[in-house]
Amino acid sequence: MIEHLVVAPIVLPLAVAAALLLVDERHHAAKASLSLAGVLALLGIAALLVARADLATTHVYRLGSWPAPFGIVLVADRLSAAMVLLAATLAAAALWFSLARWHRAGPHFHTFVHFLLAGLNGAFLTGDVFNLFVFFELLLAASYALALYGGGAQRVRASLHYIVVNLAASLLFLIGVSLVYGVAGTLNMADIAVRVAALAPADRVLAEIGIGVLAVAFFIKAGMWPLGFWLAPAYAAASAPAAAIFSILTKVGIYAVLRLWLLVFGGTSGAELLAFGGMATLLYGVMGMLASQSLGVLAGYGLLVSSGTLLAAIGLGAAGSTAAGLYYLGVSTLGVAAFFLLIELVERAREAGADMLAVTAEAFGLRSDEKEEELGYAIPAAMAFLGLAFLGCGLVIAGLPPLGGFVAKFALMHALVREEASIPAWSVVALLLASGLAATIAFGRAGVRIFWASERVPPTVRLMEIAPIAALLALSVVLTVLAGPVLDYLGAGARALHAPAAYIEEVVGR
Amino acid sequence: MELTIALGIGLLAGCGVWLLLRPRTFQVVLGLSLLSYAVNLFIFVMGWVRGGRPPFVERGVPVDAAAFADPLPQALVLTAIVIAFATTALLLVVLLAARGLTGTDHVDGEEPAE
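Residue numbers (the numbering used here), protein chains in the order written: chain A, 1 to 510; chain B, 1001 to 1114.
Wrong hints could be hidden among the right ones.
[Said to hold, decoys possible] Examples of chain A residues lying across from chain B (beta carbon under 7 Å, computed):
1. 156
2. 163
3. 167
4. 385
Think of the hints as simulated: they come from the structure by calculation, not from any bench.
This structure is a prediction, so every number in the text was calculated from the model and none was measured.
We treat Cβ as the ideally placed atom computed from N, Cα and C, and that holds for glycine.
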């Protein structure tokens, strides 16, 4: 029975999403309880997967018990399990936040979140390239709906660009997959690794082109410069809970690069591309952060900085940098997600930024004077709480002590300098420091404008809205306190990624 | 045969990319459709272009792999067609919503300044 645990993170959200479709929109409470129960169960399953990844390096689940190269396999190694846990955590926080208001702003919010989760978990767990494509499409289709969620001209316009860019990226993905299949004759990732290694040089070039086209598709998702211009406007326009979940979407691209590149090429061909692309992204993100006028755009560029850092760390370093990068991935995703949730609450205190939300609320008949007493009481001294949360998000994203962002950046720099004391490595360290400074400046400037402004409206903030933000920031503290064990766990995962023989052996060896 | 298909794919992809870069939303939708046709043909060709061969193996008959067409790309194309169909439908809805909300069919939601 326990061996079916690997497939549970895909089946459960699909089942919950389907069940949610059957519940009428008017039964908000029933929908919310079902959805929350589903996501909490998913959290439990993900935690169990993470715990069990300690027992053996890899868990291979053969769908339909077909042997490996012929059937589709799911593989829950440390990296996949950790990513599934991260996705479930973000979804839980976003759903919790949405209960205050957002989940009634339009139809099928919970359904979309669960379909997105199914796609995300599938993409993290699958060991088959075409299956990865299908799960990508599933998560993208759900993300299109979530990007549009809440309606309004600005969202529709931003989503149009988002959808077109991602559809084009999906076509590139298909070209890459079919090229690899044409040369290697297989779609199983481990089997591709075995066969590409044994190819004649002429065919190997074709395989490299195939993987290269695939990589472009992943880079578009990850927002690598110059493929990431779509990201900040689309994320800034999305509704707060949707944007919070979206902060893991860029990480799906990073995950796919990490998995396929290390598996098939063992981290040799194309390392410079990753490293310099990552650095360019980092630089672009830093400039975007400094130039951003609104908080949503600032958060979007924060995501680009995080993507750039990860790509550079993956491209340059060995297992130690990858482990530190994975820790940074978790911390920065949680920080940006908390910030996306916080932005909506902060915007309520500002006259100028509030108009878009007011229009949305009007469109769906949600007047602010509507009685909402069943949702819990408005907390006193809201501005102080918001200020503290803003400070926390700023500290995590800028990488300042005492929160997790500092440990992550420090571990990353330490690993880079120790493993790869070259000029590119030192430039990444310099860029990381510069990105911290830029984030501090951007957050400081925004904070002064919002919290020290003379004419502001005291916002009504409900406990239900501030609690998930506090929980996400508390998780960052937990990650700081438990940095040792977490880094050990991710370190073992990263070493397994850098030595894929065991993975290949377990998937196709028998 | 290979040349014809290759030229066809190239023509479809070229028209698709050109339309994708046009400023009107309907052109973009058509461009994406043409591109997805090109990609579907490309996937199909990756199973090699061989005419008149069945994709199935008969039970009890000795198997010569060279005498069969590869059925897997055909299955992949089917999946890709379904997904492209669904996403194009979704995009059309978004296109209509954008047209209704912004009053223009320009991809940026506003007419460029003259």
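Hints, verified against the model:
1. 156: holds, 5 Å
2. 163: Interface hint status for residue 163/A: holds (6 Å vs cutoff 7 Å).
3. 167: Cβ of residue 167/A sits 5 Å from chain B, so the hint holds.
4. 385: At about 35 Å, which exceeds the 7 Å cut-off, the nearest Cβ of chain B leaves the hint on residue 385/A violated.
Hint compliance for this structure: hint 4 is the single one not met.
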